[in-house]
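Colleague: What follows is the residue order along each chain.
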Amino acid sequence: MYIENKISEIKNSFAVDVQNLPKDDLYLKYFSKTNGLVTLLIKEIPSLTKEDKKIYGQKINEISKEIEAKINEISTEEKISIDETIKIPSGSKGYLHPVTETIREMNNFFRYYGFSVYDGPEIETEEYNFRKLNLPENHPATDLQDTLFIEPGLLLRTHTSSLETRVLTEKNPPIRAVMPGKVFRNETPSATNASFFHQYQGVVVDKNISIKNLVQTLTDFHKYLFGPDVVIRFRYKYYPEVSPGLGTDIQCQFCKGDGCKVCKYRGYIEVLGSGMIHYNTLKMCGIDPKEYTGFAFGMGLSRLVMQRYKIDNIRKLYGGEITYK
Amino acid sequence: MIVPINWVKDYLTTHKTPKEFAKSFTEIGLMLDRPIMGEVLDLEHRMDRSDWLSMLGCARDFAAFEKLVFNEPELKSEKLPKKNEVEITIKSEKVNKFRTRIIKNIKVGESPEFIKERLVSYGLPVINNVVDITNFVMVEYGQPLHAQDLNKFEKKEIVLRDTERGETIQTLDSSQMKLEEGTLVLSENNKPICIGGIVGGLRTGVTEITTEIILDSGNYDQASIRKASRQLNIRNETVSRSEKFLSPEVVDLAIVRATDLILEYAGGEAFENDDFENFTPTSKKMVLTRERLAKISGEEFYFDHASDILDRLNYEITSQNEKEIHVKTPYFRTDIEVEDDVVSDILRIYGYSKIEAEPIKNYPPVEITPEILKLEEKVTNILVSAGFHEHITDPFVKFDGNEKRILLFNSVNSDKDSLRLSLQETLNNTFNYYQKQAINEIKLFEVGNRYFKSGSEYVEERTLGIMVGVGDINTNSLKIRETIDLILSNLGIINYHFARSKNGLSIMHSSEEIGFFNSNYAEVNLKKIQKLASFVSPVISEFENLSKEDLTFTSHIDVDNGEIIEYVRNINPLISKVEYVTEFISDSKRKVSFRYYSSYPQEMKKIREEIITSTHKKYGVEF
Numbered sequence: 001m002y003i004e005n006k007i008s009e010i011k012n013s014f015a016v017d018v019q020n021l022p023k024d025d026l027y028l029k030y031f032s033k034t035n036g037l038v039t040l041l042i043k044e045i046p047s048l049t050k051e052d053k054k055i056y057g058q059k060i061n062e063i064s065k066e067i068e069a070k071i072n073e074i075s076t077e078e079k080i081s082i083d084e085t086i087k088i089p090s091g092s093k094g095y096l097h098p099v100t101e102t103i104r105e106m107n108n109f110f111r112y113y114g115f116s117v118y119d120g121p122e123i124e125t126e127e128y129n130f131r132k133l134n135l136p137e138n139h140p141a142t143d144l145q146d147t148l149f150i151e152p153g154l155l156l157r158t159h160t161s162s163l164e165t166r167v168l169t170e171k172n173p174p175i176r177a178v179m180p181g182k183v184f185r186n187e188t189p190s191a192t193n194a195s196f197f198h199q200y201q202g203v204v205v206d207k208n209i210s211i212k213n214l215v216q217t218l219t220d221f222h223k224y225l226f227g228p229d230v231v232i233r234f235r236y237k238y239y240p241e242v243s244p245g246l247g248t249d250i251q252c253q254f255c256k257g258d259g260c261k262v263c264k265y266r267g268y269i270e271v272l273g274s275g276m277i278h279y280n281t282l283k284m285c286g287i288d289p290k291e292y293t294g295f296a297f298g299m300g301l302s303r304l305v306m307q308r309y310k311i312d313n314i315r316k317l318y319g320g321e322i323t324y325k
Numbered sequence: 326m327i328v329p330i331n332w333v334k335d336y337l338t339t340h341k342t343p344k345e346f347a348k349s350f351t352e353i354g355l356m357l358d359r360p361i362m363g364e365v366l367d368l369e370h371r372m373d374r375s376d377w378l379s380m381l382g383c384a385r386d387f388a389a390f391e392k393l394v395f396n397e398p399e400l401k402s403e404k405l406p407k408k409n410e411v412e413i414t415i416k417s418e419k420v421n422k423f424r425t426r427i428i429k430n431i432k433v434g435e436s437p438e439f440i441k442e443r444l445v446s447y448g449l450p451v452i453n454n455v456v457d458i459t460n461f462v463m464v465e466y467g468q469p470l471h472a473q474d475l476n477k478f479e480k481k482e483i484v485l486r487d488t489e490r491g492e493t494i495q496t497l498d499s500s501q502m503k504l505e506e507g508t509l510v511l512s513e514n515n516k517p518i519c520i521g522g523i524v525g526g527l528r529t530g531v532t533e534i535t536t537e538i539i540l541d542s543g544n545y546d547q548a549s550i551r552k553a554s555r556q557l558n559i560r561n562e563t564v565s566r567s568e569k570f571l572s573p574e575v576v577d578l579a580i581v582r583a584t585d586l587i588l589e590y591a592g593g594e595a596f597e598n599d600d601f602e603n604f605t606p607t608s609k610k611m612v613l614t615r616e617r618l619a620k621i622s623g624e625e626f627y628f629d630h631a632s633d634i635l636d637r638l639n640y641e642i643t644s645q646n647e648k649e650i651h652v653k654t655p656y657f658r659t660d661i662e663v664e665d666d667v668v669s670d671i672l673r674i675y676g677y678s679k680i681e682a683e684p685i686k687n688y689p690p691v692e693i694t695p696e697i698l699k700l701e702e703k704v705t706n707i708l709v710s711a712g713f714h715e716h717i718t719d720p721f722v723k724f725d726g727n728e729k730r731i732l733l734f735n736s737v738n739s740d741k742d743s744l745r746l747s748l749q750e751t752l753n754n755t756f757n758y759y760q761k762q763a764i765n766e767i768k769l770f771e772v773g774n775r776y777f778k779s780g781s782e783y784v785e786e787r788t789l790g791i792m793v794g795v796g797d798i799n800t801n802s803l804k805i806r807e808t809i810d811l812i813l814s815n816l817g818i819i820n821y822h823f824a825r826s827k828n829g830l831s832i833m834h835s836s837e838e839i840g841f842f843n844s845n846y847a848e849v850n851l852k853k854i855q856k857l858a859s860f861v862s863p864v865i866s867e868f869e870n871l872s873k874e875d876l877t878f879t880s881h882i883d884v885d886n887g888e889i890i891e892y893v894r895n896i897n898p899l900i901s902k903v904e905y906v907t908e909f910i911s912d913s914k915r916k917v918s919f920r921y922y923s924s925y926p927q928e929m930k931k932i933r934e935e936i937i938t939s940t941h942k943k944y945g946v947e948f
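Protein chains in written order, with this note's numbering: chain L, 1 to 325; chain H, 326 to 948.
Just chain H, with the same shape it has in the complex:
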């Protein structure tokens, strides 16, 4: 929001510098957005306060904050003789208020200096007195209005309606526009002459030869304006106001002020023409209580300043006592919903910089951190300590037709219009980047969601993805399996095993799949391992004196030996653990060596015989 300080000074008297103006505006909600340009401020406007889209609105709050006298322009032509020369017909649901006036015998020419100066400092072009005045009043009151040359009308009518298919208009900036079906327009003789709340048409525009004008100002459904302006790709001063929740009541003030200025600087005689109204007044009855104000602010004293501040902000105080103030909110404040909004005004004008800090006195409530977050932190720590780098990758990917994949409904980016099914899809980009940098030991992981459709449900699943590139395919495979073991054993999940499945290779815990892997990537379902994990590390207070022995068996090259080693572990309860040692291929057979441990040295011979006979019997492998 551009705010020329000279313009603000039309409504109040102060010697403050632009910097001081900026500081106060910032504190009350209009933050300085860009460097100060001489006497002009660019302030950040948030969408709540539609009255701040006007010089009067900004000046009013500034005056209230600085305790200055605020002078609104004096309005003269409030009552005019009525001459309904142009018939107004409303055929659209989008109109809340529409008011018109006719001014005859005007003389189009140059604007007075003060108007030109203010428009230039605001950044609007100077055109002619009539157009300039409508722009001036729009910025002053925040209410768009516009004037049309009545002599260019083919029929003396204005119809506000939604467009049908294929209608076009040539706008004031001379571009021919195709209008979407259902766009609100002002039309005459069934031809659009203006896009309602957005931009005027060229055909009925005011020029040097204009002598008779119809002035209109309207309040329309803001959401439709926003939608239409985006479809048409039009951003201008009119749109930036009509797309907000403007108060319909400002229409009256704006049209009167514009009439006053036109009569003064372009001459002529003005008449009231038809108007239309269909809205609930903005002003609300509200009660501000001492109790609520004290509760939110943490201080009792604010209530003593409340009525003064409310008065300065144009609230109408209807009654008050020790405990409460009854008010009618100002007509221009479309943002006020609840009592706390009134509280907010009091704190704001009293000064946010004066709020004193105070620690929370209450006892901390019960801990509600979900276990999954604690697990994720633990897993992350384990991997980082093991030399893995954490990455966070973009979960969007290009849709590939996979019916399990979640496709986005309205993505602007066709290369990233759906969500990843596996972290590998996106972590892989990072992996490739590392490879391009010729980094030869790559160990990466990510903790994040994978997403998929399951029937009509959209599922997100907390997932860990691990990727390694530390050597040849066998070295990577060993590293991946070692890392799976590192994580699971650290979480106390020892009884897991691997199995071939439709996912390739699955990480199993009894009959449940808790993850999968391939030669350089592993993915683990974190929710599932959270249920199995123990947060107590496997501590042994007494050292077990284990005897160990190695055995090698020979199996067919295509046999999955993981199961055989798992089987050995369970042959005899006296076996403490079984570990893979090495494997090699000779004569098209695979030889696998493993080591078994027991704390019963005298039983080792017996255990050994049992392993050999039992495994041979079950799997046919030779030792």
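The shape of chain L in the complex, shown without the other chains:
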């Protein structure tokens, strides 16, 4: 049968062509409007007898769809000629400073617990840096020796506690805020002391805040920072701006509390200082200490950061003498 032969001819030639011709050429050869092999076959349908139309019309349709589908399956993508199993290093990598990275990690924890991040001036008055923290004139901690003054009464903040008195003065309770920041000291730089470094301060003031809330918050924070198995120790510690004051240590992970070189034979490593905000501090910041209570904590970041990033000298941390791999 003429038409049946035609169909099998097309089938056979496509089976060969599909291996050798590119997609576009295949399409032209079989479906070109003027002389495509399939197109021509379809054009013959009207001239068939009624009976043949019945049998072959359907067959022609099937073969047309089959070939079209196979052509469509062929991918037109470029073929790769290089080895895709080789790792390629990025030429341009940027990193956050270790201090920023650590601050962000801490902020993440506190934001989850409803804390805002707050900020304040580095050039500060004695009022915010000392007086409101319950540090009267002539207190040993307010010595000229350790403070960098710009002029009498005006200084570079010596601790982030000045940010605490800022937020307590500038905002109304309830307050929940953490305050990372630079602090400055009048010191000759050494491997462990710099004339500026970072501290991290936190404060909560609300109705019915007790020392139990402080212990919970700091326990959770230490677990977040040092892992869930960390052993925490709370002890009495004096700070003028809190009463009761509280020191927080973690058990040395090297000696498990027995005392070794790493923890200077204390068995524990001091992480932060904290306490219930002093009655006088709240009062001086314009908050009624009878109605509101609160807690505050502050910690140095340099030692923590240097430990985490294995940096042995604080001057490298800030002197630009760290590069990144």
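It is possible that part of the hints are untrue.
[Stated by the list, open to error] Label pairs and their in silico Cβ distance ranges: (1) Ser710/H - Glu170/L: 29 to 37 Å; (2) Gln927/H - Ser75/L: 32 to 40 Å; (3) Ser835/H - Thr219/L: 50 to 58 Å.
Treat the hints as calculated values from the structure; they're not laboratory data.
For every residue, glycine included, the Cβ atom is placed at its ideal position computed from N, Cα and C.
The hints should help you fit chain H onto chain L, whose structure is shown.
Modeller: Frame of chain L, contents of chain H only:
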């Protein structure tokens, strides 16, 4: 604070090991500071508790915490016959209390074993019985005192006064010292014999031949002592106590205890001599309420333990009921200011390790994070993603005479006695460090303050500094400008332009300068861009089909072409954007190519003609 355990055990009975002692001391506020040395502890002393500068003070709190019986030494010679042989005159404001006693017919010799042993374990030298006893009592009570050989006095007087200019003294350690004007001294016959609260003089010192002594103990203005000892550079056991807020009342106990021991171990007869007092007693009346204790501690039950704990800490309970306890605070507690300090004592002695944790139940308060912090975080993220390393550099620099620069008043470091005016001054050190390491693609930034004087104001300004070293000067310049665009476009600040100004090259937003740059450094005022920034990224929901075309014009080599390209952008509202393509110099002229885009393809020809005629007319450049 050195605490020999054997010494503490003079006042209480326990079989605890040094390690157990250290653990309890640490919990109540005297943290173990150094490795335990046999039977001796070195504990961290914070400046609040002046009574912890004594063995009795440490033992008292330890006994209270461990519920042990605490025994204070029995004082015998409280009342003595009075013989005012040495006249005491107070001419300084710095004296709160000064008490003297005279002991005659003493025999200077070796100290008894128990005193020698305790002084050695504490780390003080053994000298002779009289000197050793004054040292022993100083450590026991925390109150410095000292003895002088009365026979070496030229006049029978002690005058406490502030020094005049040029006075000197030879101290006990034999060094000749020049005294600053206004230093408190004890003097006789107008010659200093002792620096008050700091160190004794050699001339009137007690030696083997001494038979008659005057014993003195004083309480002085702690801030002046601290200042003077620092000026003189003297740190010793006397200074470390007198510079704290000691209770003036301890003077009486210390001088009686010293008299007792001298009479017992050096013999002789003791007499009361003149004394002086000018202070308010330390002991205060206070009320501890159940309510406050429960509020701070979060627990009701503490109140049931309160009176017992207060009693153990030597508070005098004057009355109490279900709701409150009225107390008189102990004379030696100069640290107690408010009711919460009493609360603090109760929690501390009950045990900090027993405080139970409890989550905050209150609803989180409103968010108060300032926008500038969010902006800084965003800018930092943009730069880090673009391959820039963040650095934090030391903001101190050497003063250069620039009158805008803030000079520090008291810096100990003359190389870093003022603050940076620009982040470039300090970021540059880091840049140089990278260059030294032969790193050839350097992209750095810092977010921090720059500082300057503006009239009488001292200003700190949140600033971003960016520094690049990626190729030759032209490559760096392109990178700097590209980075400025990266940041500003990401913040939705598209309508900025560059202009020459007194800062060199300024980054402008309409008529406001928001930053400046040069060929490898850019600085942006973060507060200013925060006001212009949008935190909504420029999203387009429908893709614009833009037609584009390039044009090149020729201008004089010295012309600033940035303005011309800016001008082109605004020639016709149908121009969507204009971009710099390239530039080159030929025949001493600069040829600048730019590309303009429009979503109206049929208007492209018209726009092109308009650009050419209009720009030529305004700037005279040829296309």
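Colleague: Work down the list of hints and note, for each, if the structure agrees.
Modeller: Hints, verified against the model:
Taken as a hint, the range 29 to 37 Å holds for the pair serine 710/H and glutamate 170/L, whose Cβ atoms sit roughly 34 Å apart. Taking 32 to 40 Å as the suggested C-beta distance range, the pair glutamine 927/H and serine 75/L conforms, at roughly 38 Å. A hinted range of 50 to 58 Å holds for the C-beta pair serine 835/H and threonine 219/L, which are about 53 Å apart.
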